[in-house]
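S.K.: Each chain, letter by letter, is given below.
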Amino acid sequence: MSKKLRRILSVLLISIMLLSLFGCGQEPEAEEPDGGDVGEEGAIRIGFFAPVTGPAAADGLSTTNSAELAVDIINEQGGINGRLVELVKYDDGFDTKQAVNIAQKLITKDDVVAVVSGSYSGPTRVSAPIFQEAGMPMLAGYAVHPEVTGAGDFIFSQSFAGAVQGKAAAKVAVEMLEKKRISIIAVDVDFGKELSESFTEYAEARGAEVVSVDKVAMSDLEFTPIITKLKEEIKPDLIYMANYYEHSAEIARQVKKMGLDVPLIGTEGADSFQFLEIAGEDAEGIIITTNMNRDSEDQGTQDFIKNYIERYGIKPDMVGASVYDAFQVLFKVIGDVGTDNEAIKDAIANLTDFETVTGKLIRYASSRNAIKPVQLQIVEDGEFRFYGEIDDEEIIKQ
Amino acid sequence: MLLQQIINGIMMGSVYALTAMGATLVYGILRILDIANAGAYAVGAYLGWYIYKVTGNLFIAFIFSMILTGLIGVIIQKFIYYPIISKPNIIPIVPLITSVGLFTLTGDLIRLIAGPSVKNYNFKFETDVIKFGKIIIKPEWIFVLLLTAALLALLWYVLNKTKLGLAWKATAIDAEMAKAMGVNINMSMALSYILGYGFAAAAGIMVGILYNSIVPAMGDVPSYKMLAIIVLGGLGNPIGTVVAGLLIGLAETMSAVYIGSFMPRDAIAFIFLIIVLIVKPEGLITKKSA
Numbered sequence: 049m050s051k052k053l054r055r056i057l058s059v060l061l062i063s064i065m066l067l068s069l070f071g072c073g074q075e076p077e078a079e080e081p082d083g084g085d086v087g088e089e090g091a092i093r094i095g096f097f098a099p100v101t102g103p104a105a106a107d108g109l110s111t112t113n114s115a116e117l118a119v120d121i122i123n124e125q126g127g128i129n130g131r132l133v134e135l136v137k138y139d140d141g142f143d144t145k146q147a148v149n150i151a152q153k154l155i156t157k158d159d160v161v162a163v164v165s166g167s168y169s170g171p172t173r174v175s176a177p178i179f180q181e182a183g184m185p186m187l188a189g190y191a192v193h194p195e196v197t198g199a200g201d202f203i204f205s206q207s208f209a210g211a212v213q214g215k216a217a218a219k220v221a222v223e224m225l226e227k228k229r230i231s232i233i234a235v236d237v238d239f240g241k242e243l244s245e246s247f248t249e250y251a252e253a254r255g256a257e258v259v260s261v262d263k264v265a266m267s268d269l270e271f272t273p274i275i276t277k278l279k280e281e282i283k284p285d286l287i288y289m290a291n292y293y294e295h296s297a298e299i300a301r302q303v304k305k306m307g308l309d310v311p312l313i314g315t316e317g318a319d320s321f322q323f324l325e326i327a328g329e330d331a332e333g334i335i336i337t338t339n340m341n342r343d344s345e346d347q348g349t350q351d352f353i354k355n356y357i358e359r360y361g362i363k364p365d366m367v368g369a370s371v372y373d374a375f376q377v378l379f380k381v382i383g384d385v386g387t388d389n390e391a392i393k394d395a396i397a398n399l400t401d402f403e404t405v406t407g408k409l410i411r412y413a414s415s416r417n418a419i420k421p422v423q424l425q426i427v428e429d430g431e432f433r434f435y436g437e438i439d440d441e442e443i444i445k446q
Numbered sequence: 372m373l374l375q376q377i378i379n380g381i382m383m384g385s386v387y388a389l390t391a392m393g394a395t396l397v398y399g400i401l402r403i404l405d406i407a408n409a410g411a412y413a414v415g416a417y418l419g420w421y422i423y424k425v426t427g428n429l430f431i432a433f434i435f436s437m438i439l440t441g442l443i444g445v446i447i448q449k450f451i452y453y454p455i456i457s458k459p460n461i462i463p464i465v466p467l468i469t470s471v472g473l474f475t476l477t478g479d480l481i482r483l484i485a486g487p488s489v490k491n492y493n494f495k496f497e498t499d500v501i502k503f504g505k506i507i508i509k510p511e512w513i514f515v516l517l518l519t520a521a522l523l524a525l526l527w528y529v530l531n532k533t534k535l536g537l538a539w540k541a542t543a544i545d546a547e548m549a550k551a552m553g554v555n556i557n558m559s560m561a562l563s564y565i566l567g568y569g570f571a572a573a574a575g576i577m578v579g580i581l582y583n584s585i586v587p588a589m590g591d592v593p594s595y596k597m598l599a600i601i602v603l604g605g606l607g608n609p610i611g612t613v614v615a616g617l618l619i620g621l622a623e624t625m626s627a628v629y630i631g632s633f634m635p636r637d638a639i640a641f642i643f644l645i646i647v648l649i650v651k652p653e654g655l656i657t658k659k660s661a
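From first to last, the protein sequence lines are chains Z and S.
Heads up: the first sequence begins at 49 in the numbering used here, then just goes up one per residue.
Heads up: the second sequence begins at 372 in the numbering used here, then just goes up one per residue.
Don't read these hints as lab results, they were simulated from the structure.
Beta carbons are placed, not taken as given, at the ideal position from N, Cα and C, and that holds for glycine.
Which residues of chain Z face chain S? A few of them, derived with a C-beta cut under 10 Å, are:
| no. | residue |
| --- | --- |
| 1 | 101 |
| 2 | 105 |
| 3 | 106 |
| 4 | 108 |
| 5 | 267 |
| 6 | 301 |
| 7 | 302 |
| 8 | 320 |
| 9 | 322 |
| 10 | 362 |
Using the sequences and the hints, build the whole thing.
M.R.: Dropping the structure here:
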């Protein structure tokens with residue numbers, strides 16, 4: 049190879065590389081919207097951000113899919129009161145610094161009427177105070193940390209408060225399955241901490257004992273040492289997996305291998321086709337607490353599942369469904385009260401008995417988290433199926 | 372339980388050793404801390420996955436993924452690292468930054484090409500577990516051990532029984548002198564990348580099978596953890612890397628079980644590293660015994 053060619057090639061490769069390196073630190077740029085006509089007078093602009101790149105990219109894709117689906121469907125139906133909807137979407141890369149930049153941009157430059165977060169608690173909770181300050185309504189799809197809605201009266205969450213799910217899981221373990229010695233394996237982030245604490249509180253108040261709590265880092269996939277300890281010393285009669293799908297799937301696989309034969313209960317974090325794919329037959333019989341009931345008789349839910357599979361070729365998951373719902377709520381209230389920020393906020397706060405694809409939204413609690421029944425799903429023949437529903441006021445009205 | 376936990380720790384350790392081996396070989400000869408080796412680990416896992424899905428043969432997946440990833444390594448060495456390190460008076464941080472850039476690039480390229488969702492090998496072993504009384508051994512662990520042993524044997528053979536290996540060792544000791552004596556040091560560098568990236572690919576596939584999942588960001592933890600292991604192992608010393616990998620595997624297992632989760636498990640490798648560097652700054656094993 050000639051020296052010149054070699055030089056050209058190396059310059060080329062290095063520039064690609066540098067581009068990718070600097071790409072990480074750049075000011076976020078909104079992508080060209082897919083829904084609505086760009087720049088058309090009168091389009092209603094809704095802001096959206098999700099972790100499309102980085103370690104949570106699979107959830108970013110799922111929620112972005114849902115956001116685009118929701119906007120496209122409303123536009124196919126003629127928009128909201130004749131005005132098309134335009135999605136202004138950003139990638140936060142699962143990075144809180146990016147999320148702050150995005151929030152500022154959405155407020156100052158993008159002329160949006162409301163925002164939906166398709167991201168985790170971290171990026172959502174740092175942007176929430178910025179939206180609150182600016183009087184911009186934000187609906188978080190599935191971020192559970194209390195500080196998200198704690199930012200103020202403009203911030204709502206489609207998700208139950210974390211404690212709702214922890215208690216619902218404890219009810220399944222202690223009252224439905226009648227287990228007494230429970231071990232918890234929790235992911236060491238806000239989500240795992242809150243769920244394991246609320247689970248423990250509810251379970252211990254009802255006479256069960258939480259015999260061990262092991263916290264594991266997000267990146268950790270090896271549970272054999274912990275499972276060996278549980279099997280030989282702790283001897284629990286149930287394991288609560290307060291974590292996301294990668295952890296839950298590995299626990300399911302490794303528990304079977306190590307011969308620890310106890311029931312497993314998971315969270316909405318395991319509500320993903322990816323959980324079923326990784327765990328395979330070891331997922332059979334696992335019960336999770338979530339908000340989407342695949343076997344729902346509600347037409348809206350079945351249409352959502354059908355449209356999603358048709359368009360993307362994969363099954364929708366909890367995060368996607370929750371974000372879809374956030375858009376349905378916004379479409380509804382904008383249709384009712386128009387695009388004034390203050391009016392949107394009030395209309396969301398006063399919304400009652402609204403059918404969503406994740407069950408009936410009874411209303412928003414004083415914490416501005418959605419109040420809706422907790423769905424119990426069980427894995428049967430490689431699919432999530434209906435197992436039960438928890439609507440005890442004491443649990444769901446947090 | 373202690374015996375079972377020691378076995379657990381050794382198994383985790385051999386996965387670490389295998390994962391860090393690629394970067395060890397590259398450092399051994401080029402003195403580059405090649406973070407991008409963790410990128411090769413992810414690329415190898417994905418190439419292996421595609422080949423396995425097409426051929427249904429895991430052996431072919433291993434061989435071809437290792438060869439292809441090794442060739443990518445040679446191309447990167449030739450067109451990126453070589454022009455950089457052959458400049459006179461280059462400061463050592465430049466190749467390091469380059470490798471960080473390359474690593475970031477690979478993660479994003481994989482995501483753009485293969486998508487962000489988990490891919491699964493779904494490889495099933497003949498038996499689920501092997502039992503010796505109360506002790507349980509997973510077949511995939513034996514597979515990891517055999518693979519690590521086979522790769523180390525291959526490494527030993529190439530380094531000690533071939534002319535290429537002799538040239539490699541001469542280059543590792545003193546590249547200038549080796550060049551003056553007529554050793555083709557470009558060949559030695561290419562060899563260390565073929566082996567280094569090939570080993571990373573094998574480790575990536577192995578971990579993909581072990582946890583039945585590969586994701587574009589799978590190299591993130593190895594990218595920094597392997598640094599702790601290769602520094603602990605005496606920088607560029609393959610035997611040292613094996614010892615360091617095993618020690619860290621054991622330390623993590625024991626602390627997860629007996630101390631509990633007061634800190635992230637990944638931190639243990641670095642605490643271990645800091646202690647060793649204070650007591651023995653040259654790393655655990657310093658003699659060049661490849």
